[in-house]
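2 protein chains.
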Amino acid sequence: MTVTNGVHVHKSVPSALPLVQKLSKDHDLVLKTFRLLIADLCQQFSGGHPGGAVGMAAIGVSLWKYVMRYAPHTPDFFNRDRFVLSNGHTCLFQYSFLHLTGYKAMTLEQLKSYHSDRVDALCPGHPEIEHEGIEVTTGPLGQGIANAVGLAMATKNLAATYNRPGYDVVDNHTWCMIGDACLQEGVGLEAISLAGHFRLNNLTVMYDNNQITCDGSVDLTNTEDVNAKMRACGWNVIDVEDGCFDIEGIVSALEQARASKDKPTFINVRTVIGLDSSVAGTAVAHGAAYGTSSVADIKTLYGFDPEDHFVIGDTAREFFKGLPARGQNYVQEWDQLVKNYTTEYPELGAEFQARVRGELPADWQKYIPTNFPEKPTASRASSGLVFNPIAKELKTFMVGTADLSPSVNMIWPGKVDFQHPDLRTNCKIDGNYSGRYIHWGVREHAMAAVSNGLAAYAPNTIIPVTSSFFMFYLYAAPAVRMGALQHLQIIHVATHDSIGMGEDGPTHQPIELAALYRAMPNLLYIRPGDSEETAGAWIAAINAKKTPSIISTSRQVLPQLTNTRRDGVALGAYVLSENESASVTLIGVGAELSFALEVAEKLKTEKGVTARVVSFPCQRLFEQQTLQYKRDTLRRHQGISAVVIEPYAPNGWERYADAGISVKRFGHSLPGKAAYKFFGYDIETLTAKVADYLDQIKGGELLRGEFVEL
Amino acid sequence: MTVTNGVHVHKSVPSALPLVQKLSKDHDLVLKTFRLLIADLCQQFSGGHPGGAVGMAAIGVSLWKYVMRYAPHTPDFFNRDRFVLSNGHTCLFQYSFLHLTGYKAMTLEQLKSYHSDRVDALCPGHPEIEHEGIEVTTGPLGQGIANAVGLAMATKNLAATYNRPGYDVVDNHTWCMIGDACLQEGVGLEAISLAGHFRLNNLTVMYDNNQITCDGSVDLTNTEDVNAKMRACGWNVIDVEDGCFDIEGIVSALEQARASKDKPTFINVRTVIGLDSSVAGTAVAHGAAYGTSSVADIKTLYGFDPEDHFVIGDTAREFFKGLPARGQNYVQEWDQLVKNYTTEYPELGAEFQARVRGELPADWQKYIPTNFPEKPTASRASSGLVFNPIAKELKTFMVGTADLSPSVNMIWPGKVDFQHPDLRTNCKIDGNYSGRYIHWGVREHAMAAVSNGLAAYAPNTIIPVTSSFFMFYLYAAPAVRMGALQHLQIIHVATHDSIGMGEDGPTHQPIELAALYRAMPNLLYIRPGDSEETAGAWIAAINAKKTPSIISTSRQVLPQLTNTRRDGVALGAYVLSENESASVTLIGVGAELSFALEVAEKLKTEKGVTARVVSFPCQRLFEQQTLQYKRDTLRRHQGISAVVIEPYAPNGWERYADAGISVKRFGHSLPGKAAYKFFGYDIETLTAKVADYLDQIKGGELLRGEFVEL
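Those protein sequences? They're chains A and B, same order as listed.
Numbered per my numbering, the first sequence spans residues 1 to 710.
Numbered per my numbering, the second sequence spans residues 1 to 710.
It should be emphasised that the hints constitute simulated quantities derived from the structure, not laboratory data.
It does not matter which identical chain is used: a pair holds within one copy or between any two.
DSSO-like, lysine-lysine: derived pairs with alpha carbons at most 30 angstroms apart:
#1 Lys546 to Lys677
#2 Lys630 to Lys698
#3 Lys112 to Lys677
#4 Lys689 to Lys630
#5 Lys112 to Lys673
#6 Lys664 to Lys630
#7 Lys392 to Lys428
#8 Lys604 to Lys698
#9 Lys664 to Lys698
#10 Lys545 to Lys664
#11 Lys664 to Lys546
Remember, it's a predicted structure, so these values are computed and weren't measured experimentally.
Model the full assembly from the supplied sequences, consistent with the hints where possible.
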């Protein structure tokens with residue numbers, strides 16, 4: 001290995017590489033076997049991404065054989081090192097090592113399912129968390145590296161909370177493989193900056209520096225001094241010049257990384273994409289099979305039989321053979337350690353084991369107030385009233401904000417920041433790794449993506465809570481999606497929803513964003529209407545063990561309503577004010593729920609129209625109810641028209657309402673009440689619109705069944 | 001000025017600053033006047049963001065008085081320097097200088113409208129492009145700096161295309177003010193990397209380094225060596241130690257920046273947030289008025305009368321007086337230059353002037369094929385057939401991709417890359433600034449945000465075209481939104497839509513994303529069904545002069561259909577196959593349009609059910625049609641049920657259909673056809689579902705008007 005301070009090398013011609021082949025005979029055979037396996041796997045269905053996986057072979061051997069602590073036969077071993085393949089399209093790299101190292105589910109037959117039409121394949125086009133040995137689902141670039149930062153933070157937090165002298169019950173390392181893209185994607189850059197700030201010395205990023213992207217040379221679009229940039233971000237940097245063969249050098253770099261005192265480590269490994277194929281060192285090697293004759297040529301070059309496919313010889317099998325047993329040793333040592341720890345620290349040990357099992361104390365709801373002050377309260381403040389006592393008591397929750405502490409009300413008395421303790425001396429920043437309040441900075445996307453990593457450490461061991469203005473969850477959306485896709489429990493507290501947030505104007509008023517989150521599978525988007533419903537929103541979110549939630553709250557004060565019910569929120573929608581002979585149902589939502597009640601009152605007193613009111617905080621929870629409940633709640637089958645009042649794009653409400661008083665354009669910068677008035681959300685205008693609508697339905701100018709925006 | 005190589009200073013205590021007060025008497029008075037104006041403007045309605053604007057006063061004086069070339073009385077002067085306030089919450093900074101320098105619309109009365117309930121205020125909570133003197137709408141952090149990169153690229157491209165010796169018809173500079181957030185947000189970091197790569201020496205970023213964010217000290221979340229990071233990204237770095245007072249030093253730094261030979265410049269200006277207020281140097285100064293007594297105290301300190309408000313004395317007025325006249329000189333010189341240029345280069349001059357007016361040649365549609373090969377074609381390929389001939393001929397289009405050149409088919413014969421010409425020598429990368437093909441790298445968010453800047457340079461002078469997989473327009477969404485909000489014409493080519501994209505799996509299959517873009521105001525989301533409709537999609541997008549579009553295309557081949565019509569796309573939806581006595585309308589969309597036709601056929605032959613088919617490429621265009629057209633197209637008022645076939649979340653289709661064959665969960669990694677089959681999108685299953693639905697409606701088990709997912 002050559003450790004240099006050298007900068008990023010700009011040439012991508014393989015022949016320019018100093019190919020120091022420090023290879024044992026076994027290594028040579030194992031690397032060849034691995035590379036041919038990848039070539040064959042792509043060739044069978046003539047698709048997939050061979051080049052990167054082939055180029056990274058020596059990195060994989062170094063990791064799985066010599067450095068990484070894991071247990072193929074106990075894949076969920078709690079204190080295992082985590083491996084994240086952030087360049088997820090090279091998934092065959094990981095799948096093949098899972099097979100070779102003895103993960104039971106990954107049989108050779110399963111390995112061959114890559115790109116097949118087998119519905120239960122364990123080898124999808126990108127790694128998926130559901131499958132044995134996969135820590136996080138990757139694919140969308142930049143997400144994995146951010147997840148890895150979260151996994152490393154989880155270790156730091158659990159270690160600082162539970163480790164005691166002689167008992168390092170949590171001390172695993174996180175290894176993350178990246179390609180060029182993770183150094184280009186904003187979410188990756190945000191996460192890199194955070195990892196440096198938090199001084200995560202238990203995180204190593206290995207950069208597959210093959211200088212090739214889909215478009216061609218990386219120099220087409222990126223000519224930075226990447227090592228200098230990483231150093232400026234607070235990382236150790238180690239160069240490996242011959243990443244295709246120099247296993248000894250890579251192992252040494254990885255071990256240096258694990259021994260790092262106070263910085264995360266970036267290992268810049270020079271590799272050749274599609275090594276030894278006819279397209280080696282070119283973009284063509286990235287996303288297409290080599291072709292039958294090229295694969296045959298490599299086999300000949302390597303001294304293999306061109307007619308044989310998927311060959312894993314005895315020497316290669318032997319090379320990996322002892323790994324499951326080694327893994328079980330780790331497991332047994334750790335089990336014993338935890339047993340002794342629990343003997344010495346019974347209370348802490350019990351708490352730790354409950355955390356390992358992902359359990360909250362059964363009586364966690366006792367921390368939620370049973371009732372609230374009667375004064376009008378912004379639901380962002382209600383959210384603090386409901387949740388901060390829980391956060392204070394239960395270490396499961398790690399709570400953070402994208403630089404909006406004064407706005408989101410997530411600080412509990414005595415909260416401690418998650419920080420490296422040395423920042424106290426250097427920058428007068430208090431905190432330590434057992435702290436559970438995270439200053440994410442103005443990095444909404446990384447906030448959500450790193451939180452996915454915190455949640456993925458082990459099921460429900462840590463429940464991350466993020467917070468920002470609702471509008472900026474559009475920045476975070478790709479990561480919110482990845483949380484939902486992976487069935488991770490994460491709670492996003494989104495304040496300043498609706499045009500009622502006021503002066504900040506159209507750039508901050510989330511007209512269309514609810515449509516996205518209501519459509520996103522496996523996500524609860526909940527808009528509570530007062531403190532009581534906010535309690536319901538939190539209960540629903542904390543009970544959703546495999547589903548992330550967004551709790552969407554108001555900047556402005558809302559009246560405390562009399563008939564709202566926290567258990568109603570769990571149903572998605574419920575009748576707030578019934579009237580057997582109603583001629584219209586008003587659907588009220590979140591910050592505008594009280595408007596529906598006021599309009600119902602005014603319709604009665606001024607227009608002689610009888611209205612009933614349904615509170616509708618969450619469409620997805622409502623969809624989970626029975627058809628009967630849904631009909632009884634909405635009563636549209638009885639011919640009662642429903643009008644929804646929400647200053648958002650109406651998309652999706654057409655399923656539940658016949659008309660919407662909605663907003664079809666971007667917002668307007670005005671004080672909250674003036675903004676409401678500007679868009680017709682004063683009680684007088686709303687009442688007139690509903691009455692007028694009913695007249696038009698009666699007069700036949702409008703047809704029921706044709707959704708109308710009023 | 002102190003130019004040092006010193007790194008980022010971590011202390012935020014104002015008294016620690018070396019306050020070298022190199023102030024002329026006039027400067028002193030002007031700075032005080034400006035700072036009090038900001039304090040008064042926030043105090044009147046007790047809200048807003050005073051601290052940053054106050055801290056940046058000397059930067060503003062340096063820019064508007066001494067360095068920036070602009071014309072207050074001709075705000076849209078084509079060759080003006082562009083100023084972008086990326087930290088948009090400090091908008092009073094810009095509004096106040098617009099007033100002081102003589103922009104006519106920004107009267108003192110208008111200035112006072114900040115945070116008022118005046119509906120036609122020119123002082124919204126963040127700068128808005130609609131208003132005189134504002135180049136781009138900012139607010140969502142990180143967007144502005146990316147826009148600035150686009151503005152600088154626009155200058156480079158127009159200059160390289162049209163300038164001739166002695167005739168620099170385009171040579172303006174772009175100045176961008178940022179706070180800490182733009183150095184934290186991923187989109188900002190992506191844009192910074194691009195600006196360094198493209199060596200945009202006509203771009204200067206001024207960093208208001210006050211070391212304070214909402215949460216407190218920047219050190220809470222960011223302890224990078226920011227100057228070293230910027231250098232690693234290819235930027236010049238200049239430090240200004242006393243940014244509150246050292247106008248001479250700031251001017252010198254700005255002039256150095258304008259003279260930079262081949263790099264963008266980053267000026268790290270140390271300032272104090274809320275200078276001289278009781279909350280100076282603290283987070284409290286960021287987002288709240290100082291309070292009446294604090295404002296009075298500052299007035300006393302400055303020798304002003306505490307009872308007087310909004311005071312702009314004669315000396316301050318005099319200081320800015322000559323700027324409109326200076327501006328008109330720039331305008332006249334440029335007008336004369338363009339006149340002489342057009343005399344010497346008549347053809348080029350005429351073309352340039354048409355570009356300035358934002359005009360395309362009237363006959364641009366002639367480049368679009370009138371018909372297409374009959375063989376099945378992926379609509380991503382159709383898109384290339386339609387658009388690449390236009391891109392080849394018309395310099396208005398700048399076309400780029402987020403590292404997916406081989407997938408998106410946007411390369412025309414002879415295309416030249418937009419690159420700094422020196423990369424040819426250093427990295428063997430061909431291209432120059434007149435090139436119009438942009439390798440954005442794996443930076444979808446910056447691709448869209450920088451494109452907003454390209455489009456904002458002047459209305460329709462450049463029409464940016466971006467491209468990536470549809471799913472990754474979720475990464476780009478905040479910038480796509482800002483394009484729509486600003487009425488910028490940008491065309492996003494989103495390929496690999498629908499589950500039909502196959503093996504890449506659920507991370508790449510955009511189940512819920514269409515719901516976002518169909519709900520987003522002022523955006524056309526168009527899914528064409530074959531080559532003919534793809535022509536229609538492009539025509540609609542190119543005709544939408546104030547609206548961005550997403551053209552959403554398939555990875556997989558689609559049959560060329562017989563009755564599709566490009567002019568039908570302009571209507572949003574149209575009848576593809578009519579049948580007077582139909583008992584069901586099948587709505588077909590994009591890649592699955594042919595499924596609707598096949599199902600209709602099978603319903604007839606196998607179930608004896610008569611179906612009509614509507615092609616529905618764009619909901620927003622359809623909404624713009626008359627009620628009569630909409631009813632005639634869908635015929636739901638005649639009691640005919642409509643079933644939409646689209647493998648997306650159905651949200652929004654409930655307005656047009658009674659039932660949807662949709663997808664309620666995330667996707668699955670399978671080859672395209674197998675993925676369709678897995679989700680029931682084979683013709684047999686689809687047909688059975690429609691027939692079954694009709695039976696259930698007939699039998700009363702389902703009620704019309706209750707939207708059902710089949």
